[in-house]
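Novice: Based on the provided sequences and hints, a complete structural model is requested.
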Amino acid sequence: MKQWVEVIAKFDSQGNILPLWILFQGKKYQIDKIQFITPAASLKSGGAGLRYTCLIASQQRYLFLEDTKWFIDKI
Amino acid sequence: MDRIILHCDLNCFYASVEMLYHPETRHLPVAVAGNPEKRHGIILTKNPLAKSYGIKTAEAIWQAKAKCPNLIIYPPDYRKYLKFSFLVKKIFSEYTDKVESFGIDEAWLDITHSYHLFGSPYHTAYLIKERIKEELGITLSIGLSYNKVLAKLGSDYKKYDCIVVINRANKAQIVDPLPVSDLLFVGRSTTAKLNHFKIFTIGQLANTDYKFLHKIFGKIGPILHAYANGLECSEVTAHSDSELVKSIGNSSTTVIDMSCYQEAYLVLSVLSQSVASRLKKQGLKGICISVSIRTKDLEHSSFQTTLIQPTWLYREILTTGFTLLKKNYQMVKPLRSIGISISKLVSAHNYEQLDLFDQQKKEHQLTLDLTLDSIRQRFGYHCINYASLKVNQDLTDFNPKEEHVIFPTGWRI
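Protein sequences, first through last, are from chains P and L.
For my numbering, count along the first sequence from 1 and bump the result up by 365.
For my numbering, count along the second sequence from 1 and bump the result up by 524.
Just so you know, not all the hints are guaranteed correct.
[Said to hold, decoys possible] Computed list of lysine-lysine pairs in DSS-like fashion (alpha-carbon distance at most 27 Å, straight line):
#1 L/Lys-614 - P/Lys-409
#2 P/Lys-409 - L/Lys-607
#3 L/Lys-683 - P/Lys-409
#4 P/Lys-434 - L/Lys-604
#5 L/Lys-805 - L/Lys-683
#6 L/Lys-607 - P/Lys-367
[Said to hold, decoys possible] Calculated Cβ distances over 12 Å to all of chain L for the following chain P residues:
#7 Lys-375
#8 Leu-385
#9 Gln-425
FYI, nobody ran anything at the bench for these hints, they're computed from the structure.
If you're wondering where the values come from, they're calculated on a predicted model, not measured in any experiment.
In this text, a Cβ means the ideal position worked out from N, Cα and C, and glycines have one as well.
Specialist: Set out below in structure tokens:
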């Protein structure tokens, strides 16, 4: 199943959207760093959108923005 | 110098998109099929695995299920497919401004003047293919050649995530042994006719005297001869021109068959409203009206007529279409589907010859049409309609303008 998540994000003055926190299963995870932003498909979860490669607690995770909703890739 | 044309064909497009969104079905036979309750229950696309069971496009769901009981069937989600089609074409436009759509899932790209920015022509095709796979999760086949017809043959030659190059050196080896039916414009009846004259392959067609072909097929004969010889030379329409509309039409397969003129009139009425509304939205008028029908035995016919003046009025389109139907078809067999379209379009802002007698009537009709359109735009399609259409809602309860949005771009020479 695709794991939809809530996200707290920053909209900068250039119109870029930068996710800061992920809210998932009642917990709040801080995104320490965004390493890459690129359009990509998620073959694991199913879907396509803008893929943010994030460092969360020293672990790399893919966070996708698909239209107006966010999902994280399955591990 | 030869041009460099790519023909990009998204592999089993609808099924690929569905498989992307349902990763658990990626290794299972999958098909996308219309709604059987609305009698659109035919296979629209299938993945390679479903194809290996012998399932064919356009066959009924029950036939497909008989061949493969485990077939997974998804209803079509056109909004999603249009989104992917748009994204794919956005990627194409990063490689050239000459992109010509051929339906929702195919396009020609002329990269003659832009490939040097990306390396070789083959490398450009490879980059496009890999980017679409990476960014959108779907695959495509690319034909690379020096004209549009050969590029299309190339993309059909090897399916699923491939690039096929057809150049002057290997054309005879690749193209000539292919059956004539693989050639663009050669449909079932043309194939049968060619086969009748012992022309089975593209090579045989290429070696046939074009005067003979002209005698048999009329003006299309020499065109087919040129295609088979790799002499087709039409331009890839630039991206900015690709939205030029040649005709506007709508058709519908009704929930129940139309067994009398009255029922056909009701459906034509709904379709004509949509056509008239789309004409006005694009600021166009048309002069040639065509009606196409399909009987319950799937026999297809179409009729057309030319008006004295271009029109965009609902009532005029409907009346002309209905007269055309009555004149040409005696309702011997009930109708399964009906369509109406208008072509030879001109800008509605051109000068026009005013009608001495009916001008006021036309102005009233235009006001009525525009009022209806603006009410619908604000409150939704179903909030207002002609009372006459309430007579048989099984036939008239649909919105052709918004429910049917897949219109392949016509072939332009």
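Novice: Taking the hints in turn, state whether each one holds.
Specialist: Hint by hint, here is what the structure shows:
1. With a C-alpha separation of about 24 Å, the suggested pair L/Lys-614 and P/Lys-409 falls inside the 27 Å cut-off, and the hint holds.
2. A hinted pair counts as satisfied when its Cα atoms are at most 27 Å apart, and P/Lys-409 with L/Lys-607 qualifies at roughly 20 Å.
3. Simply put, L/Lys-683 and P/Lys-409 have alpha-carbon atoms about 24 Å apart, close enough for the 27 Å limit, and the pair holds.
4. A C-alpha spacing of about 15 Å is found between P/Lys-434 and L/Lys-604, which places the hinted pair at or below 27 Å, so the restraint holds.
5. Of the pairs offered as hints, the one joining L/Lys-805 and L/Lys-683 is violated, with about 39 Å between alpha carbons and a cut-off of 27 Å exceeded.
6. Among the hinted pairs, L/Lys-607 with P/Lys-367 is consistent with the structure: their alpha-carbon atoms are about 20 Å apart, no more than 27 Å.
7. The Cβ of P/Lys-375 lies farther than 12 Å from every Cβ of chain L, with a closest approach of about 24 Å, so its non-interface assignment holds.
8. Every C-beta of chain L lies more than 12 Å from that of P/Leu-385, the closest at about 25 Å, which supports listing it as non-interface.
9. For P/Gln-425, the condition that its CB be more than 12 Å from all CB atoms of chain L holds, with the nearest at approximately 18 Å.
Violated hints amount to a single one, hint 5; each of the other numbered hints is respected by the structure.
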